[in-house]
Every structure is written in structure tokens, then in C-alpha cells.
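Place chain B on chain A using the hints.
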Amino acid sequence: MIGVQRPERRRAQGGSAGADDEQGQALIIAVFALAIAATAVIGLRAAQARLLTGAGDESAGEAAVEAAASVYADAAFARHRGGPSRDPGLADPAVVDAARAAAMDAARANGRDAPVEPHATVGAGVIDVELRLAGRRYRADVPVTCCPR
Amino acid sequence: MRRALTRGLGPRGQAGQALVEFALVVPILLVFSFAIVEIAQLGVARLALQHAASEGARAGALTNDDAAIHSSVALAASPLDAGRIDVEIEPTASEAPRTSDPRGSLLAVRLRYAMPLRLGFMVLPTLTISGSAARRVEWTP
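Sequences listed follow chains A and B, in order.
Read left to right, the first sequence gives residues 1 to 149 (the working numbering).
Read left to right, the second sequence gives residues 1 to 141 (the working numbering).
Only chain A is shown next, with the shape it has when bound in the complex:
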């Protein structure tokens, strides 16, 4: 198949130096194939590395924001259990520190040892927690019965 399409064949049939021209064609084809394969392999591996890093970042970010939201939810629940309150206690420094520590622990457990700073805001019936990790933003909403607006 490869040999049939070679233009040198006609010259070779004519008795000139065609045979010499044909030498190395397999080598050239093999080199081209290797180059294409190497490019494909390198490209695939680079793309996979990016995808896997992104997936790891996403897993760590989700774990971190869920952990922080869980701490804020616990704080709001504890505040609510102490008596009806419109303030879920999200600004309490102890709660903020606990949420930050929980988020960092979760991110670290997922292989991302980076500082994270969760921010919590109170919306209509929800505590909205947000943080950034590796350039991406992650959010978690915790529905609460306190804090109507």
C-alpha cells in the first residue's frame, strides 16, 4: 500500500537510480509516525495532568466549603437552640476561626495545602458560605429557619 503510491517507482522501472531513491522510505515513514505518536502522547499527558489537577482542586474546594458550611450550620443551630435569635452568630471570631480551620483541614486532606478564607453571609433562609481555592470559587448554601429577611 505504501509502495504503490510512491512516485519514484516509475523512474525505478526505467532503469535509472530509482532503487537508491527508494532506500530509507520506510525509515522516513517510521520517523514521521514516531513524531506524530510522540506529539500525541505528550499532548495527552499534558491534558490529563491539567484535568486531574482541576479535578483534585475541585474535590478539595468542595470539601473545604462543605466543611466550613458545616461549622457555620452547627453554630447557627447552637445559637437557635439557645433561644429564638435573628443572629446566627456567623461573625463570632471563634466560629470564623473554626470554619477556617475546618476548611483548611479538609483541603489539606484532599492534597491542597493552601490557605483558605471562607466567608459566610446570611440570606433569606440560607447561610451562604463562599471561599476561593486555587483560583476557583466554591459556594455552599445551608438552609436555616432563623434569620428571615
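Quick caveat, the hints were computed from the structure, so don't treat them as lab data.
Worth double-checking, as some hints may not be accurate.
What the hints assert, rightly or not - To be clear about the criterion: a stretch of chain B counts as covered by chain A if any three or more of its residues have a C-beta under 8 Å from a C-beta of chain A, and this derived list gives those stretches:
{"hint": "1", "stretch": "28-41"}
{"hint": "2", "stretch": "46-54"}
{"hint": "3", "stretch": "72-80"}
For every residue, glycine included, the Cβ atom is placed at its ideal position computed from N, Cα and C.
The following block gives chain B in isolation, referenced to the frame of chain A:
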């Protein structure tokens, strides 16, 4: 030898030479084609395993139940063969704090998958890949 063949046999000899060259190149092309396919499948498997680990850890954080973790992993690991996935949960169900009130602790799920290779007859029969994830447990007894 090639020249002798060419001179002696003419076009028929050249056809034979092309066939020999083709036979020499085809195995290399096939090996690299398979290698590209294997690498692509390896990437898919690693992503699927990472996703399955995340889902398993999330299920464990919500339920503290090993059966739920295994079920979530098996569902999320598609297109991998769930039967070949080795699931390791830390801490185990018989260890503290999972035996009492684990809320607030971390639960880690580590997965290993023995991936069969098409080129296994050449180097390795299988390649083991892994994925892991951890979540803060939200479950309360």
C-alpha cells in the same frame, strides 16, 4: 541486496520491497496507536476514579455507612469495572470516632484500580491507578 532484488526482478521485486518496508513499519505504528489509546484510557480511568472517590467520601460524610460508600463508588466509577476497584476507608467503621459520634471528623476514601492493558503482553499485565478524597463528616447518630 535491495539493489540486486530490484535489478533482478524489476517491478515485482519492488512490490516485494514495499511489502517488506510496510511490514517493518506497521508493527511500530500499531504499538504507538495502542499506546495512545492506552494513555487516553488511563486518563479517563484516573478521572473516573477521582470522581468516584469524591462521591464515596461525600456519601460517607453524610451516612457514616460503608455500604453507602461502596455503592456510591460503584455508581460513580463508570466506565470502570466496579468489581476491580479496591476501596479503603479511613477510619474504618470499627474505629473511633466512627463508632460513636464522628461529626466534625474527617473521613477519607482511597481507591485502587487494577487496569488491564491491551499492551500487557509486552510489559505489564495490569497497571494500578489510585484516587482519593476526604470529607468532613456531617452525620450524627
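Against the structure, the hints:
1. Beta-carbon proximity to chain A at under 8 Å applies to 8 residues in the stretch 28-41 of chain B; the threshold of 3 is reached and the given coverage holds.
2. Given a C-beta distance limit of less than 8 Å, the hint that chain A covers the stretch 46-54 of chain B holds, as 6 residues qualify and 3 suffice.
3. Here's how the stretch 72-80 of chain B fares: 0 of its residues keep a CB closer than 8 Å to some CB of chain A, so the rule of at least three is not met and the hint is violated.
The structure fails to meet hint 3 from the earlier list, while all remaining hints are met.
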